[in-house]
Every structure is written in structure tokens, then in C-alpha cells.
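Student: With chain A held as given, fit chain B onto it using these hints.
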Amino acid sequence: MSGAILIRGGTVVDPANGVHGPRDVLVKGGKVAAVVEPNGDSEAGAEVVDVTGCLVLPGLIDMHAHLREPGYEYKETIASGARAAVAGGFSAVACMANTNPVNDSAAVTEFIRERAMEVDLARVYPIGAVSKGLQGEELAEIGEMHRAGIVAVSDDGMPIMNGGLMRRALEYAAMFRLPVIVHEEERSIAADGVMNEGTVSLRLGLKGIPAAAEEAMIARDIALLERTGGRLHIAHLSTAGAVELVRHAKRRGVPVTAEATPHHFTLTEEAVDGYNTNAKMNPPLRTRRDVDAVRQGLADGTIDVIATDHAPHHRDEKECEFDLALNGIIGLETAVPLALRMAEESNISLDTLVTAMSVNPARILGVPGGSLAVGSVADVTVVDPQRRWKVEAAQLQSKSRNTPFEGVEMHGQAIVTMVGGRIVWRADAAAKKMVATV
Amino acid sequence: MPFAHRHLLGLEGVSRDELTFLLDTAASFKEISEREIKKVPTLRGKTVVSLFYEASTRTRASFEIAAKRMSADFISLSAATSSAAKGESLLDTARNLAAMRPDAIILRHPSAGAPHFLAARVECPIINAGDGAHEHPTQALLDALTIRERKGRIEGLTVAIVGDILHSRVARSNVFALKTLGAALRLVGPPTLLPPELHAWGDTTSDLHEGVRGADVVVMLRIQLERQGKNFFPTVDEYSRYFCLTERALAGAKSDVIILHPGPMNRGVEIASDVADGPYSVIMDQVTNGIAVRMAVLYLLANRAKAEDDVESQPEAAAVPQLRRRVG
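Top line first, the protein sequences correspond to chains A and B. Each residue of the first sequence is one higher than the one before, starting from 5 at the first, in my numbering. Each residue of the second sequence is one higher than the one before, starting from 941 at the first, in my numbering.
Honestly, the hints are just simulated from the structure, not real lab data. Check the hints yourself; a few may be wrong.
Computed footprint of chain B on chain A; a stretch qualifies when at least three of its residues, placed anywhere within it, have a C-beta under 8 Å from a C-beta of chain B [unchecked claim]: (1) 207-217; (2) 323-332.
So the derived label-pair ranges between C-beta atoms look like this [claimed, not checked]: (3) R319/A / N1036/B: 17 to 23 Å; (4) E274/A / G1122/B: 25 to 31 Å; (5) E1089/B / E349/A: 51 to 57 Å; (6) D1032/B / M165/A: 31 to 37 Å; (7) E1178/B / E349/A: 50 to 56 Å; (8) Q390/A / A995/B: 42 to 48 Å; (9) G167/A / H1139/B: 47 to 53 Å; (10) H1139/B / E145/A: 48 to 54 Å; (11) H1139/B / D124/A: 55 to 61 Å.
The C-beta atom is built at its ideal place from N, Cα and C for all residues, glycine as well.
Bound-form chain B, shown alone:
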């Protein structure tokens, strides 16, 4: 089953078949990055705009490499250099960009729902590269691809997600995707970051050892140093005493456990260096897979946009899409 959405706003509500199709598509693109000449003409003549209202190194670089390996033209705008710094509204910025007829806009924004807001108001496909504490769908797709490669499946695996679940968009997207794909989830962190409603998503515990016991996969979340002083935990030092993934904590996990981290890592805070660099770590696979996943997403969305535009003789015919919380 193909991925029949105009936008990639999040993974909540994306079906198992669609997720599998996305992962299969991504897997098929991996080979391109192994070639000596890492470029295919698939998106030649397409324009991809990345609009980042938050600092990012690897996500943006990953999208840029993905777009360029597909021969798309890639324009990168950040809030610090764009009109946003002059007080222009998100809507005006996006309308101006949309009027330049890009084939996809990749948006990272500190407000949850910002991509949904844009998707309802501009014609071109919107790819969510992280919206506040809501979702980061391409990160969860690359995590899922990495897990599937290493384990051969996702169904039936026990996955522990450890850290700031409350504020993490990576955690949300991972929960939505991995649950749909049949994994059993454990959510681990201090009670201040585990609201009671989380029970609907998985088992929760504040005991790291219990959380990783028997786990097939451990996803470590970056702890935001800014949370210090907001009383979610007293100090980063104390946090790491209880939630830093060390060899000792890992001892109870399955012997073939794999460790994921979306980066950038705080070594010695949420993950010990010997674990991050150890044999179970698949962090570098994640980075490589990130490019394949983003190639797949761009391929599926930026290509389709063009095809649809050719069919639609009048733009008005495509009624402004309603606000959607999931995938447009």
C-alpha cells in the first residue's frame, strides 16, 4: 500500500501498511549512498526548501544531503537569517515561500502544530522536521528502519524509551510508529517527566534497571540541559545518577540489545561513553539511515506534488485542506 498523504506532519494515525511502505522505500534508497557517484536524477528540477526556526545541525544536513542525492535544488532558510528575525509571521513567510512554487517545504518550528497550520494554508507538501514537543516523524522512521534492519522485525520487540518523555517529539513519534508496528513499549524517566496519561502508550517506570530489563531495544533521549532549574529534576548530575545508561544498567537487557540515540548526545549525562561507543550502539546506523528515510519521504511527497499540480487546471479546485492533526 502506498503512502497516500500530501504531507508528513506526524506518525500518529499512519497505518502499519503505510509505515512498512515508507520503510521499504527508504531501504531501497540506501544503496544510492553506497555508490561512488551518490546521485540519481529522481528529483531533478524540483525545489526543496528547508525552513528552520530552531537550531539544528544534523537534521538539516541530513535533509540537504537526501535532497541533493536525488538531484533536487535545496534552499536552506533559518529563522536567524530570514524575515522571521524581522517579525514576519509564520503564515506570511510560508505564503511567500509557497508563491515561489517549491515542491516541498521542510519545517522545524518550536511550536507544536506549526506544520499543521501551514499545511492547511499553503499548497505545497509540508514535511515536519520537528514541531515543539509534538512529533519528529523522520527521526522515528529512521529509528524504526534501524531497528528493523538489526532485528529483522519490530513486531513483538520490547522497546524501552528513556528520558524526557514529556517534552520529547522523538518519543512521541517513536511511540506512535513503534506501537503501530507491534512493539511493546516501556517509558522510563523521573515521575516529573512521566504524566499519568502515558499509561495509554506503554508501561511506565522510574527505575532504569527495571525499564531496560529484558529489552530488545533501548532508545535514549537527549536530556535538555535547559530543564535544569525548572524543577523537573534537581541537577543534571543527579539525573545522570538515576537515568544514565551505563554498562551496569544494560546488564539486565537482552544480550543482543541495541541502543539508539537521536543525538546530539550528552555523554556522561544520559548515556555513558562506553555504551555510546560500545558494540550494542547503532547510533551511526541511525545517521546513515536518516538520509535514506529522508530521500524516501522527499521522493514520495515532492514528486507527487508535481503530478497533482499538472492535473489540477485551477488551483481553487483543490479546496484548502482542513486542519489535520495527523498526516495530511
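So that you can see chain A by itself, here it is in the shape it has in the complex:
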């Protein structure tokens, strides 16, 4: 087990325990051993990490990423994805089932967990498929995957068009207390759209996906959930109407949770202009009004979680005609500064951010973390909110480079990521190493 480490001089933001202020955090035996007012003392023999001016947070958890292994190792591997996660400040990441083979069996779940253990960086939580082969027809062996260690089920990337299957999935997954994570898109409405339907799609001559495609499915699934019970988590809300549907459902006490991505609270459909394939994602980037509604949803707790939907793709899959380009962008390494910027612009508290990026994902997935209480797992993220850096995709840890933020100046970066009491990422060390190799 790792030795003691004292994280000294930072500001702890630990909303699960009502702590927000200058504290030193002592970590021992993989657990949080003490959180104390700064007093200059240091535990004998403890390694001291000075983080003056930085934020000390319970390890961030990204509950929505695509790590692509097995099957699409040319886009990302569990190793490169876990490295991108810790570099972005995530001590844990949940990975979606749309690999090849699909994670619809205990064997694939076990493979992912074993690979993650070998890599030994971020905690990697497999999400199992709802349906066999993501075909949307028959339930996958959710119970077998549950025994193998999945934390949720999802056909993410594929909406579950079959409402009868969706109903049974909600009912059946409840037996294992597993949330059903849904990509909400009514396919017959979305048709072959490639971006938001509106003024920009009209101007560019691209086929549109109306907001109604997302909202219609959310309405259906909330209605089902009211009948079935169980747990529904709606991935990547992108429209004002979607936020409103979730808000109303929560008011009625329906057990629904929801997430938003940094790109959906940062960018609008205008980013597609010039046929920028790095602005192509599903759900698509929407309008300013939708961006504002998503931010409002985060501010008032309608949206529980910020998740990246990290979706690495090879250059050749993006450097092509817009309608042929694949959907999605990488997000693990840009989430923290984008969230900080959004919070500052929209007057959202740091406590709310940490709740959305650590506390709530831990609660929804039922995994350790989300807290710096004494005795908790020592998953810690240290963020320097002032650190300025410029996104250069070629320098990121992800294997892929599909980001719409290339060249953008960012404020704030995770400088230390600790998993189970062990420091697995240090931005300065990475920078030095980079200089050395240059």
C-alpha cells in the first residue's frame, strides 16, 4: 500500500461533507486519514505535496466515456483513455458498451476490468449493453454482467426505439439497482439528420435533427419510468425542452437523473459553420437558448451530472465530407477548464460543479468516491484554476485528436490526480517529461 501523502495549502471543496475552505488533506493506506485546518504540521514521514492556490476536490468521475477497447484500439485503448482521464483530473471513468465485441456479456466486462487493472491509472467502470449487440431487440444478460462488475446499462449511441424493450429494461435493471442510461433520440424524427435543425442547417444545406427528436423520447421514457420504477439516467441533455421535461419529472418525484456535456453547455450550432466535422456530434450542438437552458439546469440541480461523452475517432473518420464524418469529440482533457469557465460565466458555484463531477456520478453509479470524509477512498483531484494552457490535440494523452477546441486558450487544469492514495498524474511531471523528450 502507498505511503502517507499530505496535500498541503489548497482549498478543499467537498460538498458531500459541507467543507469549502483551506484544509490540508492527509492520505494514508489508500484512504483519507485527516482533513484539517492548515497548521503547518506535517505527518512524520509523509510526502508533502504543496498545492497552494489550488482546489482540492474529491476525485472527479466521468460517467460517460468511450474507451473503444476492445475492437477500436486505433481510436483509443483502455490505457490511453485512462491516461487521458487522469490527465484531465478524472480519477474514475465509466465506459460505454459500444465496443467490438459489444459489452453485452460477462466475458467482455471482465476483459475491460482486467485491462483496466493492468493499466492501473483511473478506475474504469464498464457499462453493459441494455440489448444484445446493441440491436435494441432482446435484453442482454444484465445479471451476468452485473456479477462481472458493470455499474449501469446503456445502449448509448443507439436510442432504444422499441418502447416495450425500454420498459422491460427499466424493470429488469431495477433488480440489480442498475441505472439505465439512455441516449434519447427518436430515430424516425431525427431521420438522417447530421446537425441541429434550424437556421444553420438550412443555410448549410445539411439535414437537421429537430429538438423534438430528443424530447419525444425523453417524454416517453419518463412516462415509462413512472409506471416501472427503477432508475433512469438521461445522457447528454441538449435542448431547452429536454431540460424542462426532466425538471417537471423531478418535481413530481420521478427517479430520473440527467447529465450534460461540456460541449453542450459551451458551443452552439454555429460551430458547424464551415462544415467543421469536429463540431459534429449526437445529440448535435444546439442554439444559444438551449445552451443557456442546460446551464440553468445545472445551476438548479435539474441536471445532476457533467459527463464528457469522450468519443475518440481517427483522423480519417473526421477529415471527410461532413455527412460522412462520425459523431463525437474527445472530452476528458478539456472538461475541467470548460466547466470552470461555464461556472464563472453563469454564476454557478464550485460546490455545484464538484457535485456534478464527483458526488452525483458516485451516487448514481454506486461507486466509491465523491467524498473526502475521513475513511473515504483517497481519490483526489487537485485543480489549479489559474493555470493557463492552450489546447494542442497532438499533445493530449488521448490517442485521438478530434476536438473542436484546438488552439483555444483554457484557464484551469488538473495538476494532480490521485487514485486510492497513489498519485497517478502530475501535470508538472508530464510537462517536464515532454520538455525532456523534445
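Tutor: Just chain B now, with coordinates in the frame of chain A:
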């Protein structure tokens, strides 16, 4: 004011002065096609490549005739006979072509934005000959030239565009050009093909009679028979009952109304034969003007490319142009 762009990707954002200059240039080339020997040496030694990923008869023929009347060498490639059929990417195909040092590439492609994609990645001028449902700039230029010839002006005219506005690249280019040149637009079609955002471009109506009432110009769009079965309208027969331009529908238009159609026409579907062949039809003028417009575009773009290449000693000096949505 000259046309200071390297590519012709679309007409959105092209200024009124530039459009007027393009039309003036085209008008000055018309006379060449009237000569007994229809050939001038203007583009001698230039190579023009047409790369067509969609079937086309008249647009390609029109570009080819335009290039040949200017003495350019013209190479014609279509997706069915090129490497595209073997799965080569658009980027690889274009890079290979560009390495052969053509002076212009004319691209028709089913994907909106394909010419923009190429323009950002190859050195030679790209001329958009139709990209998906986005733009078809030379078609709108020849429409504008035809209207200007017949009416003496474009400013202040009422132009009705009738048909599948949603999917039509001809409609988009016409909207961008004619609005910039000062026409008032009416967009006419079934509501399924008139998204609400169209209001920004002109008045919209699903009543053909109302749409053409008092119009100076009616632009009919070809209705794609493939749309049938996609629920934009029940059947072509029913579509034509409501949107076929007949003498009766035309009765409310100005007495000197002119009718344009980009072709190929579905006679009896969107336009009645007696209208297509009637005195108001300027469809054959459009075809003739198409050659003049394409001569002008080739002249302005293919010529300049050479001049620039001579000046640039290192190709790297010309930084890869950024993706542009309008005209490069």
C-alpha cells in the same frame, strides 16, 4: 470591383458589386458563342478538371463547352469511372488530381460542403457545380444573368421560387444572389418543404396562386421524384395538382412575367408543357447564358491561379486556407 476570391464555393456572402462584376463579365463573353468560330485562346494551356460524383448532363456539358470555347484542356471524371468507385476518399482523389497541377477543379458532390472541404486542402481553385442541398452558384448566376437581360434590372423585382426549397441547392444560391441584388423573394411549396426558418429569406406560402400573384419572375424547381414515399407529399400526382405551374396559375402574375427552370423539367409535374414552351419561358436563354457564366467563372479563377503560382516561390508560403463557408 473585381471578384477577389480563389474559389467559387457559393454565393452566400458574395457582395453585390462582386455579383454585378461576375454578371458583367459573363455578358461580355456571350458574343463569343455567336461567332462562327466559337473559340478564343484565353485559357490556352490551362487544364480544367471536372469531378462529378453525381449524374449530370447539362451542367457538365455546359462547363465543358465553356472551357473549350476558351481553349482550355478539359478532363472529365465521374464517380462511376473514377477511383471513387474503388472506395478512394474524396480527399485522396482530390490530392491526386491536384498533384497533376490543374488550373481549376469543378466539383459536383452529393455532400453539402464537399467543395469547402477540398478548397481547404488543395491549392487549385475549386468551382462548386452543386454540393448536396447546399449551393449551385453557377446556376444562380445564369438565372440572374437571364433575369437581368430580360428585365433590365434585378433590384425591386418580385421573384417567386416554387418547389422543393428545403432540398434545393438551386433555391439556396438563387436566394443568396437575388436577395443581395435587391429582389423581393417569395418561397412557395408544401409546408413539409418550407421550414419555419425560411422566413428570414423571404415570404413563404403554400398557395401557388398567391405566390405568383404580381410576380415579375417565377423560378420553378425540379421536384425530385425520389421524395415520393418520404412523406414530403403523398404522390407526384397530388403535388402537381397544387404546385404545377399552369397558364391558369400564371394568370395572376405580371403580364410580362418570365419563367425559369434549371432543368431537367418534369413536364406536367411542376410545370405544364404549354407554360414551359410558352412565350414567357426563358428556359433556353438560361442554357445559353449558362455557358457565358461558366466561361466567366473559369476565366476569373483559372487564370488567376496561374498568376499567383508564378509569384509564389514556395508553395508553403501560401498557408493552407482555412475552411470557409462562403467563397474562398
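Student: If I claimed the Cβ atoms of E274/A and G1122/B lie 25 to 31 Å apart, would that claim hold in this structure?
Tutor: holds (27 Å)
Student: Is the coverage entry for the stretch 323-332 of chain A by chain B consistent with the three-residue Cβ rule at 8 Å?
Tutor: holds (count 6)
Student: Look at the Cβ atoms of Q390/A and A995/B and judge whether their distance stays inside 42 to 48 Å.
Tutor: Violated, since Q390/A and A995/B (Cβ atoms, about 59 Å apart) do not stay within the stated range.
Student: Taking 48 to 54 Å as the stated bounds, is the beta-carbon spacing between H1139/B and E145/A within them?
Tutor: holds (52 Å)
Student: Just to be sure I understand the hint, the distance between the Cβ atoms of H1139/B and D124/A should be within 55 to 61 Å; is that true here?
Tutor: holds (58 Å)
Student: Taking the beta carbons of E1089/B and E349/A, is their distance inside 51 to 57 Å?
Tutor: Given a distance of about 54 Å, which is inside 51 to 57 Å, the answer is holds.
Student: Should the hint that G167/A and H1139/B are 47 to 53 Å apart at their CB atoms be regarded as holding?
Tutor: Since G167/A and H1139/B have Cβ atoms about 35 Å apart, the given range 47 to 53 Å is violated.
Student: Can you confirm whether chain B covers the stretch 207-217 of chain A, using C-beta to C-beta distances below 8 Å and requiring at least three such residues?
Tutor: Check passed, 6 qualifying residues.
Student: Verify the CB-CB distance for E1178/B and E349/A against the hinted window 50 to 56 Å.
Tutor: Check passed, 51 Å falls within 50 to 56 Å.
Student: Could you see if the CB distance from R319/A to N1036/B stays within 17 to 23 Å?
Tutor: The hint (17 to 23 Å, Cβ to Cβ) holds, given that R319/A and N1036/B are roughly 19 Å apart.
Student: Tell me if the beta carbons of D1032/B and M165/A are separated by a distance inside 31 to 37 Å.
Tutor: Since D1032/B and M165/A have Cβ atoms about 36 Å apart, the given range 31 to 37 Å holds.
Of the numbered hints given earlier, the model fails hints 8 and 9; all others are met.
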